[in-house]
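Produce the entire structure from the sequences given, and follow the hints as far as they go.
Residue numbers (the working numbering), protein chains in the order written: chain S, 1 to 147; chain H, 148 to 294; chain B, 295 to 371; chain E, 372 to 448.
Hints in this document: simulated from the structure, not taken from any laboratory.
These numbers were taken from a predicted model, which means no experiment stands behind them.
Not one of these hints is a red herring.
Heads up, simulated DMTMM-like pairs for lysine to aspartate or glutamate below, C-alpha to C-alpha not over 25 Å straight-line:
(1) S:K116 - E:E412
(2) S:K123 - E:E424
(3) S:K123 - E:E412
(4) S:K116 - E:E429
(5) H:K263 - B:E354
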Amino acid sequence: MLIRVTPDILVPAEAIASVASSRAGAINIFLGVVRDNNLGRSVNYLDYEAYPTMAEKVMREIAEESVVRFGFEDVAVLHRTGRLEIGETSLLIAVSSGHRAESFEGGHWLVNEIKKRVPVWKKEVWADGESWVEGPESLGMQAPSHG
Amino acid sequence: MLIRVTPDILVPAEAIASVASSRAGAINIFLGVVRDNNLGRSVNYLDYEAYPTMAEKVMREIAEESVVRFGFEDVAVLHRTGRLEIGETSLLIAVSSGHRAESFEGGHWLVNEIKKRVPVWKKEVWADGESWVEGPESLGMQAPSHG
Amino acid sequence: MLLFASVAERAGTRKFTLDLAEPATVGSARDAILARYPALEPFVHNLMYALNEEYARENETITPRSTLALIPPVSGG
Amino acid sequence: MLLFASVAERAGTRKFTLDLAEPATVGSARDAILARYPALEPFVHNLMYALNEEYARENETITPRSTLALIPPVSGG
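Below you can see the structure in the form of structure tokens.
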């Protein structure tokens, strides 16, 4: 079970290799990627901060729970921190399972739980300000920076 | 839109790069992998045959339909042919979308449709025989080979 | 005519040409194939047909130099 | 004590120690933090707490050398 919070670039091939199993008929990989816009506003880049030791602990708990719920052969969860440019990967998950249905369903569950429970925060930086995003789908505080 | 039927190894990084988009917040990748067993029977390897030109045509139709249905930024669908060993990837799809929910839902839809509609066939080879698998989830003919 | 997978193995061929009485349809071509390869009879109830790389119904018309393929139940992925 | 993200920026600090009257709880520690950093008041209704890297309730007991973290609404992924 590959679990990692890191400032380094996330490499899908590493996660895929880590969940490989001769009993797996399906591998699902999800990349959370930095988009150039959010809620109608143009985004320059994102800055991710984590409580790294706790984040890895919670990621491992969620991954272990997913193995029980969905019968995965193996799971990998990696989250990147620091400044991420448009198109870069912030979250990388990979799951291997006997059949495809649970790889999609369980992969989606895993991403949802990670967004709800893992102590990681992102700050959106625009041309004219910045804001910590508060909550998994929220608008953030929308306050322009004073910097 | 990367669509390919090929005897060559499928490389996830190529499919991921092909669907990259600055508007994408989510990329979902699915690998169909050769499992060491099927329906309780130990599998040695699989042999995939395709009607390649028609298979690519149908794969493209399904991919285009998925863009309309799920609003994908881009889609890649690759299917391998020939002899595939345990752990090798037979099907590789990648989709990019604004948000994660449709990347999981639409990726699953795409795999289901490919398995239903694309003219590709697999033969399971066991220690003591072989059988063409007939239909996307069927048992196959279960007849031992006479070879 | 193109045959694939189980059907190709049973017939012992993957590709051949067929002279058909016009007007020919997918169904009449299928009957002509069965006359030439009676071993395919048990497969027929499960077959689909592709005319020039598009799935086709049995009553569809075949023109000269069309490519008809017999499509056993697919199992890709 | 550990502060993160919006809370760390508002307080102007990320890490400090606090002497608490025993018996201390997550809630009494939170009140001591607010007394030191009144600017955090508007954030309090949204905070969660982690005691030694586990989410904790307000009535949980804090022992000496525990690590308490204030957790603003998470937004990873």
